[in-house]
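These protein sequences, in sequence, are chains A and B. Sequential numbering from 2 applies to the first sequence in this note's numbering. Sequential numbering from 2 applies to the second sequence in this note's numbering.
Any given hint could be a false lead.
Unchecked claim - Beyond 12 Å from chain B on every Cβ pair, some chain A residues (computed):
id : residue
1  : 19
2  : 28
3  : 30
4  : 45
5  : 73
6  : 80
7  : 165
8  : 168
9  : 216
Unchecked claim - So, partial list: chain B residues that the calculated Cβ filter (under 7 Å) puts toward chain A:
id : residue
10 : 43
11 : 48
12 : 52
13 : 103
14 : 145
Calculated from the structure, these hints are not laboratory results. In this text, a Cβ means the ideal position worked out from N, Cα and C, and glycines have one as well.
Protein chains: 2
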Amino acid sequence: MPFEVTILGNSSALPTSDRYPTGQVLNVLGRFFLIDCGEGTQVQLRRNKIGFGKINHIFISHLHGDHYYGLIGLISTFNLLSRKNDLHIYSSSELKTLIQPQIDFIKGEIQFKILFHPLDFKKSRQIYIDNKVEVISFPLKHSVPTCGFLFREIKKQPNIKKELIRYYNIPIAEIKNIKAGGNFTTENGDIITHETLTIQPPLPRSYAFCSDTVFYPNVVEIIKGVDLLYHESTFTEEMKVFANSTFHSTARDAAEIAKFADVKKLIIGHFSTRYKKLNLFLNEAKQVFENTEIANEGETYKV
Amino acid sequence: MPFEVTILGNSSALPTSDRYPTGQVLNVLGRFFLIDCGEGTQVQLRRNKIGFGKINHIFISHLHGDHYYGLIGLISTFNLLSRKNDLHIYSSSELKTLIQPQIDFIKGEIQFKILFHPLDFKKSRQIYIDNKVEVISFPLKHSVPTCGFLFREIKKQPNIKKELIRYYNIPIAEIKNIKAGGNFTTENGDIITHETLTIQPPLPRSYAFCSDTVFYPNVVEIIKGVDLLYHESTFTEEMKVFANSTFHSTARDAAEIAKFADVKKLIIGHFSTRYKKLNLFLNEAKQVFENTEIANEGETYKV
Numbered sequence: 002m003p004f005e006v007t008i009l010g011n012s013s014a015l016p017t018s019d020r021y022p023t024g025q026v027l028n029v030l031g032r033f034f035l036i037d038c039g040e041g042t043q044v045q046l047r048r049n050k051i052g053f054g055k056i057n058h059i060f061i062s063h064l065h066g067d068h069y070y071g072l073i074g075l076i077s078t079f080n081l082l083s084r085k086n087d088l089h090i091y092s093s094s095e096l097k098t099l100i101q102p103q104i105d106f107i108k109g110e111i112q113f114k115i116l117f118h119p120l121d122f123k124k125s126r127q128i129y130i131d132n133k134v135e136v137i138s139f140p141l142k143h144s145v146p147t148c149g150f151l152f153r154e155i156k157k158q159p160n161i162k163k164e165l166i167r168y169y170n171i172p173i174a175e176i177k178n179i180k181a182g183g184n185f186t187t188e189n190g191d192i193i194t195h196e197t198l199t200i201q202p203p204l205p206r207s208y209a210f211c212s213d214t215v216f217y218p219n220v221v222e223i224i225k226g227v228d229l230l231y232h233e234s235t236f237t238e239e240m241k242v243f244a245n246s247t248f249h250s251t252a253r254d255a256a257e258i259a260k261f262a263d264v265k266k267l268i269i270g271h272f273s274t275r276y277k278k279l280n281l282f283l284n285e286a287k288q289v290f291e292n293t294e295i296a297n298e299g300e301t302y303k304v
Numbered sequence: 002m003p004f005e006v007t008i009l010g011n012s013s014a015l016p017t018s019d020r021y022p023t024g025q026v027l028n029v030l031g032r033f034f035l036i037d038c039g040e041g042t043q044v045q046l047r048r049n050k051i052g053f054g055k056i057n058h059i060f061i062s063h064l065h066g067d068h069y070y071g072l073i074g075l076i077s078t079f080n081l082l083s084r085k086n087d088l089h090i091y092s093s094s095e096l097k098t099l100i101q102p103q104i105d106f107i108k109g110e111i112q113f114k115i116l117f118h119p120l121d122f123k124k125s126r127q128i129y130i131d132n133k134v135e136v137i138s139f140p141l142k143h144s145v146p147t148c149g150f151l152f153r154e155i156k157k158q159p160n161i162k163k164e165l166i167r168y169y170n171i172p173i174a175e176i177k178n179i180k181a182g183g184n185f186t187t188e189n190g191d192i193i194t195h196e197t198l199t200i201q202p203p204l205p206r207s208y209a210f211c212s213d214t215v216f217y218p219n220v221v222e223i224i225k226g227v228d229l230l231y232h233e234s235t236f237t238e239e240m241k242v243f244a245n246s247t248f249h250s251t252a253r254d255a256a257e258i259a260k261f262a263d264v265k266k267l268i269i270g271h272f273s274t275r276y277k278k279l280n281l282f283l284n285e286a287k288q289v290f291e292n293t294e295i296a297n298e299g300e301t302y303k304v
């Protein structure tokens, strides 16, 4: 049952000859969620052999070009590939205004619906749910309205231990109650606890994506204990003043958030082009939070 | 005195993992003209070490995404790099409507002017001239209004042979007339011809860019005798029916145009992703026009 994220781009705003701007694909139990869509994302999808037809939901954290300029090209390609499925885009409501003229220009041919879902930049919201996964957006603190996203499995009900059902002769009518957390009382008044009667399902796995943001501890409560945290890390500490003034984080900032939130693992990205060696970021982060990795392009990280 | 074109992308509309959509940089005597700007053009400019600050004129042949979706990213990068120089964009008048919302969205910060120059899709026009170069747009025949572009050096005046000036004692007042094509008559009535008195300058060099088009012999008159012709070649002959229905050319079509126009050399590009081996195009074209090359990405072709 896959829950993993593939990094399509780990660079920040300026283009480099060998790194792409932000884009990630999250595979949660066969659902493919695209997170941000910088220029060239569609090429990176193809390089990583992720079928265009699998992507039905796109989450755009904010409207800086390095996070959305690849969207119109991807939509155009969907159209060239005769897409029919609805496409859901979760973003600032302004995105529609920005790209609708270009969509309309190819509209005569477009066979699929594009549904824009506006994000709330004031407080966290559940923006997607199905029977297996939910997605929650939450505000970050950047120079323009920006959201992070939390992807979390829905908690499964526990499984009943069948041999105990038989042993205590538990009626089928009781099973639902026990699964939901109830105990069972036998005919002679003994209480058999929920915990005795059930096998707990695996804990729901979760991934948090913290896009462009200055150090912002308000997110800690929301992303508490996630299995994998992506956090931007545009600069290292010697650029701290510039990081603050441009509303970006340092590697140390990212690691502090990971530590405060007690996450299991941290990956860092969105590196400024001024850094040629990414291990500067890694070393700085590891001093605060050991279980850190660089978000390498083309690499897939299990949640 | 350079006159050369660097190919940034040779692919057609669908993205591939290893080829870029249309983009070319033409260097004419130190002027850098960008021709078309598909997604990823700015990355290709960086890879080919072409300074962003050198580009002041961008020519967009038509408004299919693979020819212009990289423009907004390039404009945004110009802005991030604190550009001050005016940027001239030659395109369908609709381009402004399509990307202005995105430009306005970053406008608070933009320090340079963007000047849109509408193309005429009905007849050929001189759209740029300075003391060394002129650019002429001319209609092609595609599914949307499309122009090709002819870049041509301005013909220099011939140089006077100084030793003959002294020998015939020609007054300075006569020099201008001789340079412009006139003869000189000596005191005793002898006529010394223009040709005798001058050294002819090198012939003006010229490059023609024929973007997306079905086979369209109307262009022959305009591009007659150019030193280098780029002509699209999306398909090979076995896809001729499909090529016609999508208003594209085959390699043979491109070569026929080169032959009719008596150009010195042909390069072909805009290859459909269905072809893995580009030598299929080359072999087909060479049967009609021997001096043909594939427009390889990253390669520079002298005009």
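These are the hints, each one checked on the structure:
1. Residue placement check: residue 19 of chain A does not keep its beta carbon more than 12 Å from all beta carbons of chain B (closest about 8 Å).
2. No Cβ of chain B comes within 12 Å of the Cβ of residue 28 of chain A; the nearest lies about 19 Å off, and the non-interface call holds.
3. Non-interface call for residue 30 of chain A relative to chain B: holds, since the shortest CB-CB distance, roughly 27 Å, exceeds 12 Å.
4. Not every CB of chain B lies more than 12 Å from the CB of residue 45 of chain A, the least distance being 9 Å, so the non-interface label is violated.
5. With 12 Å as the threshold on Cβ separation, the claim that residue 73 of chain A sits away from chain B is violated: the shortest Cβ distance comes to roughly 6 Å.
6. At roughly 9 Å from the closest C-beta of chain B, the C-beta of residue 80 of chain A falls inside 12 Å, breaking its exclusion from the interface.
7. Taking the minimum C-beta to C-beta distance to chain B, about 54 Å, the non-interface status of residue 165 of chain A holds against the 12 Å cut.
8. Distance to chain B confirms residue 168 of chain A as a non-interface residue, since its nearest Cβ pair spans about 59 Å, more than 12 Å.
9. Non-interface status of residue 216 of chain A relative to chain B is upheld: no Cβ of that chain comes within 12 Å, the nearest being about 23 Å off.
10. Among the interface hints, the one on residue 43 of chain B holds; its C-beta lies about 5 Å from the nearest C-beta in chain A, closer than the 7 Å criterion.
11. Below 7 Å, beta-carbon pairs count as interface contacts, and residue 48 of chain B has one with chain A at about 4 Å; its hint therefore holds.
12. Contact between residue 52 of chain B and chain A, as hinted, is not supported at the beta carbon level, the nearest pair being about 13 Å apart and thus beyond 7 Å.
13. Taking 7 Å as the C-beta contact cut-off toward chain A, the hint placing residue 103 of chain B at the interface holds, the least distance being around 5 Å.
14. Nearest Cβ of chain A to the Cβ of residue 145 of chain B: about 9 Å, over the 7 Å cut. The hint is violated.
Going through the hint list in order, the structure does not satisfy hints 1, 4, 5, 6, 12, 14.
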